[in-house]
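Student: Listed in order, the protein sequences are those of chains U, Y and A.
Position one of the first sequence corresponds to residue 1 (the working numbering), numbered consecutively onward.
Position one of the second sequence corresponds to residue 1 (the working numbering), numbered consecutively onward.
Position one of the third sequence corresponds to residue 1 (the working numbering), numbered consecutively onward.
The set of hints was computed from the structure by calculation and includes no laboratory data.
Positions of the beta carbon are idealized from the N, C-alpha and C atoms, including for glycine.
Take these hints with a grain of salt, some might be off.
Once the Cα atoms are required to be at most 20 Å apart in a straight line, the calculated EDC-like pairs of lysine to aspartate or glutamate come out as [claimed, not checked]:
| no. | chain 1 | residue 1 | chain 2 | residue 2 |
| --- | --- | --- | --- | --- |
| 1 | A | 240 | Y | 324 |
| 2 | A | 248 | Y | 169 |
| 3 | U | 320 | Y | 138 |
| 4 | A | 240 | Y | 270 |
| 5 | A | 240 | Y | 468 |
| 6 | A | 135 | Y | 169 |
| 7 | Y | 277 | Y | 261 |
| 8 | A | 240 | Y | 136 |
| 9 | Y | 250 | Y | 468 |
| 10 | U | 307 | Y | 142 |
| 11 | U | 307 | Y | 169 |
| 12 | Y | 406 | A | 236 |
| 13 | U | 320 | Y | 324 |
| 14 | U | 320 | Y | 136 |
| 15 | Y | 202 | Y | 192 |
| 16 | Y | 258 | Y | 136 |
| 17 | A | 135 | Y | 95 |
| 18 | U | 307 | Y | 331 |
| 19 | A | 240 | Y | 355 |
| 20 | Y | 119 | Y | 142 |
| 21 | Y | 317 | Y | 346 |
| 22 | A | 240 | Y | 142 |
| 23 | A | 248 | Y | 331 |
Just a few of them, taken from the derived set where beta-carbon distance is under 7 Å, the chain U residues facing chain Y [claimed, not checked]:
| no. | residue |
| --- | --- |
| 24 | 181 |
| 25 | 185 |
| 26 | 191 |
| 27 | 196 |
| 28 | 227 |
| 29 | 231 |
| 30 | 285 |
| 31 | 320 |
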Amino acid sequence: MDLLTILQILDSSVRLAVPLLLACLAGLYSERAGIFDIGLEGKMLAAAFMAAAIAYTSGSAWVGLLAGIGASLVLSAVHGVASITFRGNQLISGVAINFLAAGLTVVIAQSWFAQGGRTPTLQGDARFEPITLPFAESLQSVPVIGPIYYELISGHSVLVYIAFLLVPLTWWVLYRTRFGLRLRAVGENPASVDTAGISVVQLRYIAVIICGVLCGLAGAYLSTALQAGFTKDMSAGRGFIALAALIFAKWRPWHALYATLLFGFLQALALRPDLLENTLGFKVNGQLLDALPYILTVVILAGFVGKAIPPRAGGEPYVKER
Amino acid sequence: MSETAPAIELKGISKAFGPVQANKDISIRVMPGTIHGIIGENGAGKSTLMSILYGFYKADAGEIWISGQKTTIPDSQAAIAAGIGMVFQHFKLVENFTVLENVVLGAEDGALLRPSLAKARRELKALAEEYELNVDPDALIEDIGVGMQQRVEILKALYRQADILILDEPTGVLTPAEADQLFRILERLKEEGKTIILITHKLREIMDTTDTVSVMRRGEMTATVKTSETSPPELAELMVGRKVLLRVEKKPAEVGDKILEVQNLNVTDEKGVHRVKDVSFDVKAGEILGIAGVAGNGQSELLEVLGGYEKATGSIKVNGQEIDLTGAKSDGRSRRERGISHVPEDRQSEGLIMDYMAWENVAFGYHHDDRYNKGIRMDNAAIRADTEAKMERFDVRPPNPKLAAKSFSGGNQQKIVLAREIERNPDLLLIGQPTRGVDIGAIEFIHQQIVALRDQGKAILLVSVELEEILSLSDRIAVMFDGRIMGERMPDQTDEKELGLLMAGMTKGAA
Amino acid sequence: MDVMPKWAEVVLVPLISLLLASILSAIVILAIGENPWDALMLMIDGALGSTYGWGYTLYYATNFIFTGLAVAIAFHARMFNIGGEGQAMLGGLGVALVCLYIPWPHWSLALLGASVSAAIFGAAWATIPAFLQAKRGSHIVITTIMFNFIAAALLNFLLIGALKPTGSMEPATGKFPETTHLPSFQDMFSTADNVMFRGAPANISFFVAVAACFALWFLIWRTRLGYEIRAFGHSESAAKYAGISPTKIIMIAMMISGALAGMMAINNVMGEAERLVLNAVEGAGFIGIAVALMGRSHPFGVFLAALLFGFLYQGGAELALWTSIPRELIVVIQALVILFTGALDNMVRMPLERIFLAFRKPAKGA
């Protein structure tokens, strides 16, 4: 396998890892605040649809992005109302949100565009185009570094760079700011936050809103950058893989990056069975590669490779005790 | 006005939770620079009152005055701003945060963390010197003991410049020595001009530390007196509304054969903490062995092992026969079949299913009994009939088998558990914290039942953190500290002081 | 004391939730330019207006009874089994293997064998998450979700590989032999001059599902095992005190749950398709969640809720056929039902409790 093939695989890993990374970070904010969210998938799907639909009608990917974030935020609000205000079951709420998005996107898409639950193909400014970073062209001839810079680092859409910048930003927010301290505290022991005179409800709503924004980015990336338009169920379980990555990363930002890159890499490999066969000398089953993120997560959950302990107050509605 | 304004003045505070009136028209004045005690039984409304003062609940009626200013306290933020700090019975700390992070949480100086932490580190050092409150600022909460954790809570309040400090049952988890240390710190705080409110149900603490004391009963403030002008019997009477028998009437024990023999018992819990260390003792027929100790020194695990839901190594014999400590026969059902009954320490999370009806609870743990089953079906009618009989004999009110356990008062819940366990006619009764959260009338009834069982020649293992209860019920007393039995004493040859030293792990001083 | 009388708890709360879900669905229908009332009439006519419609409604309901009971029994042990989908897929595999490779002399024996096999396969798929929950503390919700995906990959693998007849292009097994054909309602209820349920897939497994409701009711409320499962669901610490083994309860409850989900396959795989195809479950495992929530985890409630969802599914198919409303509208309704009966339960309950409290107060004062 030559350098170029490796770079192509890695490049495709990055593209496929980005929606996972965004959703994973979304889940990180929510779950660190003690709100479990298995509705990442639904929020992503809703955002993917809205972003594509509005990008198509407005002709601007950026307007589409805002709309996608908006759609995701609406579902976040539902989750917030159910699990924070009415102290309902967060898991059940997440399940409901996934179905709501799966159903509504198709129903609305069908009534809006009448193309069997998809949006028309996006063209021109309605899509996020790849950005060529400075000197990418001129450095291309430099051995090793040139192709790496040109193929792998340059040439992605702006959302990819945003996603990667969000990793250090999230780390900084979580561990270096007042907000991060409170966020982590409310996921561990909300009573400590409450008695310190900070509103648990407000803090958790903020976390859920951030989660919504990031899921919106993830969804918009799917339909307006990775692909050119919305298709039915296009999130295809990515929300759950992101959830798996979050457990894999044990709710830490840098590890979320590594985990999603790994899962992105597995997805990239699954798309190129020929390559794997040539390299390894035997056929690797595509379904096995598909299932690998889930199997790895189960192994992690089983505690065979270090125990994944979620935030202690996760999933529990906060009720003041007497 | 010549006289200084009270640090806190409450006027006519009332608060109801649904049909329950937790606080009725409560008024209280606490002068600055004093320690004021609030004493009352469980459920008397002490905690509710303090929660109102700390902004957790909104009072239905009444006024709060702080240093002569009328104040409203809608939330904890307002309470902190008014200079009130609170140390809750269950600490409000983030376990995997450092001491420093816990102190800073909610009292940060800006959006960035580092400057806040640096400042807190400096101030913590100053506070430590001023009040002798030494704590390692970089230690994780989960790694330090409860005494230290309590100091962190006090430091949290002081860091927020609290002038008024409320402590809710602060000694429940402390050894007598740790408690004495705490009271020295409180003395010190008082000298510096802070006002302290101490909520407790322990008379001794009130007598030893407070300047004035208020007594609460059933949501009402029954009296406020100078501590120097009152006495424990008077306070006890004010607390319960009538004269209290502090001693249980019982005749000398007629001791028979050894029923329970425990040898070199060791328990290591799921987290790998060594909870019970090489414990050996026995209980004979017709006697009550009381196990004294501060909560968390291995007594709970001891009961759990005997009751069949914690694994252990060592040897336990019942009626001379070895029982299984780790294998298939180490479960609760096998224990019950061997004649062991168990009234657990926590009836709400162990002894009862709160959502089950009374009759379902009466079969709980004994649901495999032949008399409760007909083939593969459970004989619900038989269980209900049995429940009615038991409710009558134990005077459970209301005597309705179809009422959910959560609908009964604490005392009546405990009677349901007792009825179930005592009426099995066990050879050995394990009983933990028999009167925790139980009203005084039920306490006497429960104590009588325990003594009556002893007089029938049964062996009884009593675990209680209430020294008074241990002293008045036991025929023999063993003290546990840090998983070990520190020594055995006869109740008529010892006193609270000696037992207290043993509970703190000091054998030499006691010998 | 409970604030609300039992009938309000059991009937009123689910009904109000359903009403709220219906109102929102009507708004969706209005928004896409159709008339909700006409849509409802069309659904009623399509699902209940003929024996043909009933044949489909009851067919769907059969699936949902099985998956609803599966979620319900897990709820009683305070576990949330989202893995019904995967367990039902594996149940399908169990049915297919038994039907394809064992020469059955008669359909009744085949039904028995297929039921057992479906139950074993479904239970086995639930056993691993159950074991991980009981022994390693892995959260059952996450592991069962993961197992749904693993099941899908596994079936995909088998249906384009080992189980596909040679020469076939379709990812599906071959047709089951004629002797495994289950009597459909058409076979059972038609007379010489009056054909009932013509071409509808409802079959004898509906009665198996009804029997399962009775069996589960008996298990939960009349046996020691049910008593222990409920006790564990209410309080794990109390269960331990009473000598009830958490491991045992988690394993058994999840195995029963998986077995029930798996048994759905005797309806959709054996009764309808008569071969195993990709995505045979079609989301029925997830509908089980809505059905169990709506039915308040009571077998009779599950039965009624399954009928309701059977109606919605068949009615929804009719809608998609005659109007511009796509089938996915049903997914929306399903989501709303889960939302209101499950997650927003308190939103419905709290105002109701206040109303009941207001009515009760004067009576108490007397």
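Student: Going through the earlier hints one by one, which of them does the structure break, listed in rising order?
Tutor: Going through the list in order, the structure violates hints 2, 3, 5, 6, 8, 11, 13, 14, 15, 16, 17, 18, 20, 21, 22, 28, 29, 30 and respects the others.
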